[in-house]
Amino acid sequence: MNEQLQNAAQALKEKFGTEMVEFRGDVTLIVSSEKIVEVCRTLRDEFGFELLAAQTAVDYWPELEPRFHVIYQLYSLAHSVRIGLQVPLQGNAPSVATIESIYPNANWHEREIWDMFGIRFDGHSDLRRILMPYDWEGHPLRKDYPLGYEEVQFTFNYDEIDRRKPYAKE
Amino acid sequence: MFEKTEVTLDELRHLISDRAVEGDTVLLNMGPQHPSTHGVLRLLLELDGEVVINCIPDIGFLHTGIEKNMEAKTYEKADVMTDRLDYLNTVGNNLVYCMAVEKLVELDVPLRAQAIRVILTELQRIASHLVWLGTHALDLAAMSVFLYCFREREMILDILEMCGGQRMMATYFRPGGLWRDVPVEFEDAVRHFLKAFPARIDEYDALLTKNPLFLERTRKIGVLSREDAIRWGVTGPIQRASGVAHDLRKAQPYSGYEQYDFIVPVQTDGDTYARYLVRMEEMRQSLRIVQQALDKLPYGPVRSNNRKFVPPPRSELGTSMEALIHHFKLWTEGFNAPKGGVYVAVESPRGELGVYLEGNGGPNPHRVYWRTPSFVNLQILPILSKGHLVADLVALIGTVDIVLGDVDR
Numbered sequence: 001m002n003e004q005l006q007n008a009a010q011a012l013k014e015k016f017g018t019e020m021v022e023f024r025g026d027v028t029l030i031v032s033s034e035k036i037v038e039v040c041r042t043l044r045d046e047f048g049f050e051l052l053a054a055q056t057a058v059d060y061w062p063e064l065e066p067r068f069h070v071i072y073q074l075y076s077l078a079h080s081v082r083i084g085l086q087v088p089l090q091g092n093a094p095s096v097a098t099i100e101s102i103y104p105n106a107n108w109h110e111r112e113i114w115d116m117f118g119i120r121f122d123g124h125s126d127l128r129r130i131l132m133p134y135d136w137e138g139h140p141l142r143k144d145y146p147l148g149y150e151e152v153q154f155t156f157n158y159d160e161i162d163r164r165k166p167y168a169k170e
Numbered sequence: 171m172f173e174k175t176e177v178t179l180d181e182l183r184h185l186i187s188d189r190a191v192e193g194d195t196v197l198l199n200m201g202p203q204h205p206s207t208h209g210v211l212r213l214l215l216e217l218d219g220e221v222v223i224n225c226i227p228d229i230g231f232l233h234t235g236i237e238k239n240m241e242a243k244t245y246e247k248a249d250v251m252t253d254r255l256d257y258l259n260t261v262g263n264n265l266v267y268c269m270a271v272e273k274l275v276e277l278d279v280p281l282r283a284q285a286i287r288v289i290l291t292e293l294q295r296i297a298s299h300l301v302w303l304g305t306h307a308l309d310l311a312a313m314s315v316f317l318y319c320f321r322e323r324e325m326i327l328d329i330l331e332m333c334g335g336q337r338m339m340a341t342y343f344r345p346g347g348l349w350r351d352v353p354v355e356f357e358d359a360v361r362h363f364l365k366a367f368p369a370r371i372d373e374y375d376a377l378l379t380k381n382p383l384f385l386e387r388t389r390k391i392g393v394l395s396r397e398d399a400i401r402w403g404v405t406g407p408i409q410r411a412s413g414v415a416h417d418l419r420k421a422q423p424y425s426g427y428e429q430y431d432f433i434v435p436v437q438t439d440g441d442t443y444a445r446y447l448v449r450m451e452e453m454r455q456s457l458r459i460v461q462q463a464l465d466k467l468p469y470g471p472v473r474s475n476n477r478k479f480v481p482p483p484r485s486e487l488g489t490s491m492e493a494l495i496h497h498f499k500l501w502t503e504g505f506n507a508p509k510g511g512v513y514v515a516v517e518s519p520r521g522e523l524g525v526y527l528e529g530n531g532g533p534n535p536h537r538v539y540w541r542t543p544s545f546v547n548l549q550i551l552p553i554l555s556k557g558h559l560v561a562d563l564v565a566l567i568g569t570v571d572i573v574l575g576d577v578d579r
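So the sequences go chain by chain: A and B. The numbering of the first sequence is the working numbering, which starts it at 1 and goes up by one. The numbering of the second sequence is the working numbering, which starts it at 171 and goes up by one.
FYI, nobody ran anything at the bench for these hints, they're computed from the structure. Take the hints with a grain of salt, since some may be wrong.
[Claimed, not checked] Here are the in silico distance ranges between beta carbons for each label pair:
hint: 1; chain 1: A; residue 1: Glu46; chain 2: B; residue 2: Val434; range: 40 to 46 Å
hint: 2; chain 1: A; residue 1: Leu147; chain 2: B; residue 2: Ser485; range: 34 to 40 Å
hint: 3; chain 1: B; residue 1: Gly531; chain 2: A; residue 2: Tyr167; range: 43 to 49 Å
hint: 4; chain 1: B; residue 1: Gln461; chain 2: A; residue 2: Gln90; range: 44 to 50 Å
hint: 5; chain 1: A; residue 1: Arg41; chain 2: B; residue 2: Gly531; range: 34 to 40 Å
hint: 6; chain 1: B; residue 1: Pro471; chain 2: A; residue 2: Val21; range: 33 to 39 Å
[To be verified] With a cut-off of at most 30 Å between alpha-carbon atoms, the simulated BS3-like pairs for lysine-lysine come out as follows:
hint: 7; chain 1: B; residue 1: Lys466; chain 2: B; residue 2: Lys238
hint: 8; chain 1: A; residue 1: Lys15; chain 2: A; residue 2: Lys35
hint: 9; chain 1: A; residue 1: Lys143; chain 2: B; residue 2: Lys365
hint: 10; chain 1: A; residue 1: Lys143; chain 2: A; residue 2: Lys35
hint: 11; chain 1: B; residue 1: Lys509; chain 2: B; residue 2: Lys499
hint: 12; chain 1: B; residue 1: Lys365; chain 2: B; residue 2: Lys380
hint: 13; chain 1: B; residue 1: Lys556; chain 2: B; residue 2: Lys390
hint: 14; chain 1: B; residue 1: Lys247; chain 2: B; residue 2: Lys556
hint: 15; chain 1: A; residue 1: Lys143; chain 2: B; residue 2: Lys273
hint: 16; chain 1: B; residue 1: Lys509; chain 2: B; residue 2: Lys478
hint: 17; chain 1: A; residue 1: Lys165; chain 2: A; residue 2: Lys143
hint: 18; chain 1: A; residue 1: Lys143; chain 2: B; residue 2: Lys420
hint: 19; chain 1: B; residue 1: Lys478; chain 2: B; residue 2: Lys247
hint: 20; chain 1: A; residue 1: Lys143; chain 2: B; residue 2: Lys238
hint: 21; chain 1: B; residue 1: Lys509; chain 2: A; residue 2: Lys143
hint: 22; chain 1: B; residue 1: Lys247; chain 2: A; residue 2: Lys143
hint: 23; chain 1: B; residue 1: Lys380; chain 2: B; residue 2: Lys390
hint: 24; chain 1: B; residue 1: Lys273; chain 2: A; residue 2: Lys13
hint: 25; chain 1: B; residue 1: Lys243; chain 2: B; residue 2: Lys420
hint: 26; chain 1: B; residue 1: Lys556; chain 2: B; residue 2: Lys273
hint: 27; chain 1: A; residue 1: Lys143; chain 2: B; residue 2: Lys499
hint: 28; chain 1: B; residue 1: Lys238; chain 2: B; residue 2: Lys478
hint: 29; chain 1: B; residue 1: Lys556; chain 2: B; residue 2: Lys238
hint: 30; chain 1: B; residue 1: Lys247; chain 2: B; residue 2: Lys273
hint: 31; chain 1: B; residue 1: Lys466; chain 2: B; residue 2: Lys420
hint: 32; chain 1: A; residue 1: Lys35; chain 2: B; residue 2: Lys499
hint: 33; chain 1: B; residue 1: Lys243; chain 2: B; residue 2: Lys273
hint: 34; chain 1: A; residue 1: Lys165; chain 2: B; residue 2: Lys238
hint: 35; chain 1: B; residue 1: Lys466; chain 2: B; residue 2: Lys499
hint: 36; chain 1: B; residue 1: Lys478; chain 2: B; residue 2: Lys273
hint: 37; chain 1: B; residue 1: Lys478; chain 2: A; residue 2: Lys13
hint: 38; chain 1: B; residue 1: Lys420; chain 2: B; residue 2: Lys273
Beta carbons are placed, not taken as given, at the ideal position from N, Cα and C, and that holds for glycine.
Let the sequences and hints guide you as you build the complete structure.
Structure, rendered in structure tokens:
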């Protein structure tokens, strides 16, 4: 493992009690949700991870403790190394602090996670849906959300489908 | 179930200035059906006369739920959906997805397959930059460049068609190698392109690089500082035009890029013209990589021999019981991948294209996340466009080089 990565993992373990997991050469730290902002700040300011490369979430439904993991991928330009962070979240309607103040591009990433998983980001400046229509119900990437299809319109079922379509009728 | 909800200005209140509420500035809708937004991008503009005060991008019109759909497919079948993300960089999407699967199940790729992957992704990079150059010049009212660029792009699409049978969505890269070996005409076709193309780049150069009208429209337009480029996490040519010398092909070489000699072009001005220069030089460097990879293209198999993950060749099916069983198992059930997540990223024409792939022990991915460069890079459009004219906004959309299939997934 890279020396920079080892130092960072060691320091964060002492300071914040994070747990390190290594899988296929990828280093990931498990961080508790109340410490995520401080962990990101430390990684950016002290260890040079100045780029938030990716941010997403994973749903482990029907497991509820924890149900979601929010995943962060940070990148250090100077050392060309990546570090992953995972924040486990409990329950069906979880929330976690935003890291917008540290990495501004978390703005759209967090809007997408809210849209797709229904995870709230406390303190976010603009938490609206981003990909789905504004009046959509549900969060599509949750595992209990069905992978549904729209019924094909034929002449025999046209009226029935048309009645359910949400456009304005006279 | 379908209660009608209206979006009122109150919901967007924090994004627009007080002057809009007083009626001092105008709110104007641009897109999603607008030729210069390069797809279905909608922008809500707050204008003072012709000057952009605020620009609020509204995306999601091309959202196709690819991430959700991939969770319902086997690893090999999900590969087919990857082409549809960034439709100007189809083989690049195949590449990063295949690399993620290969990392997850620890599969080796033969050297010949790696070299062909490099050749095709670099050709695709040139094709993608040609579309960018053509449409960008067209937005700035240079019509002929557009026609020339699409003429040359056709040569590359012919090469892709020769390999995978389709011009764009060929799904030619598969986990463990390639679908099949390249045909015999492949080498001649690529050499012909390598010979013809440098003169064509010089032609575009002559048309644009010192053209006063082009300079007027691109210089000092949409300046992005080095600090902002890093803070906002932009990657690719936009980042390099702002003075950050970072290219994943050099920083974390994959698929054998470490063997090839090439330069990462960097500019420091951070304006639209600097981004133009970076992309033009990138095309020349891609030619160098293709030349080197083609000169030392090794012979050998193009698919991994690990039959637990890669289907056997068709010729074996008639004679080998084992091959038939593997073929049947792989095409009905697929292979199982272990529990755990991997993140793999490559340098696409637009920046860092990453995949987070998580397995759950079964034949379907538990989660596939696409970190697409257009999505992240589009976030800086409001910063770039502040204080510029509406006409320049068109140049700025072109210079960010978004593909809406890549933004919305």
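Each hint, compared with the structure:
no. : hint                            : verdict
1   : A:Glu46 x B:Val434: 40 to 46 Å  : violated (28 Å)
2   : A:Leu147 x B:Ser485: 34 to 40 Å : holds (37 Å)
3   : B:Gly531 x A:Tyr167: 43 to 49 Å : holds (44 Å)
4   : B:Gln461 x A:Gln90: 44 to 50 Å  : violated (56 Å)
5   : A:Arg41 x B:Gly531: 34 to 40 Å  : holds (36 Å)
6   : B:Pro471 x A:Val21: 33 to 39 Å  : holds (35 Å)
7   : B:Lys466 x B:Lys238             : violated (40 Å)
8   : A:Lys15 x A:Lys35               : holds (10 Å)
9   : A:Lys143 x B:Lys365             : violated (52 Å)
10  : A:Lys143 x A:Lys35              : holds (27 Å)
11  : B:Lys509 x B:Lys499             : holds (20 Å)
12  : B:Lys365 x B:Lys380             : holds (25 Å)
13  : B:Lys556 x B:Lys390             : holds (13 Å)
14  : B:Lys247 x B:Lys556             : violated (44 Å)
15  : A:Lys143 x B:Lys273             : holds (25 Å)
16  : B:Lys509 x B:Lys478             : holds (17 Å)
17  : A:Lys165 x A:Lys143             : holds (26 Å)
18  : A:Lys143 x B:Lys420             : violated (38 Å)
19  : B:Lys478 x B:Lys247             : holds (16 Å)
20  : A:Lys143 x B:Lys238             : holds (9 Å)
21  : B:Lys509 x A:Lys143             : holds (17 Å)
22  : B:Lys247 x A:Lys143             : holds (20 Å)
23  : B:Lys380 x B:Lys390             : holds (15 Å)
24  : B:Lys273 x A:Lys13              : holds (27 Å)
25  : B:Lys243 x B:Lys420             : violated (33 Å)
26  : B:Lys556 x B:Lys273             : violated (42 Å)
27  : A:Lys143 x B:Lys499             : holds (26 Å)
28  : B:Lys238 x B:Lys478             : holds (26 Å)
29  : B:Lys556 x B:Lys238             : violated (36 Å)
30  : B:Lys247 x B:Lys273             : holds (17 Å)
31  : B:Lys466 x B:Lys420             : holds (20 Å)
32  : A:Lys35 x B:Lys499              : violated (46 Å)
33  : B:Lys243 x B:Lys273             : holds (19 Å)
34  : A:Lys165 x B:Lys238             : holds (23 Å)
35  : B:Lys466 x B:Lys499             : violated (36 Å)
36  : B:Lys478 x B:Lys273             : holds (15 Å)
37  : B:Lys478 x A:Lys13              : violated (39 Å)
38  : B:Lys420 x B:Lys273             : holds (20 Å)
When the structure is compared with the earlier hints, violations turn up for hints 1, 4, 7, 9, 14, 18, 25, 26, 29, 32, 35, 37 and for no others.
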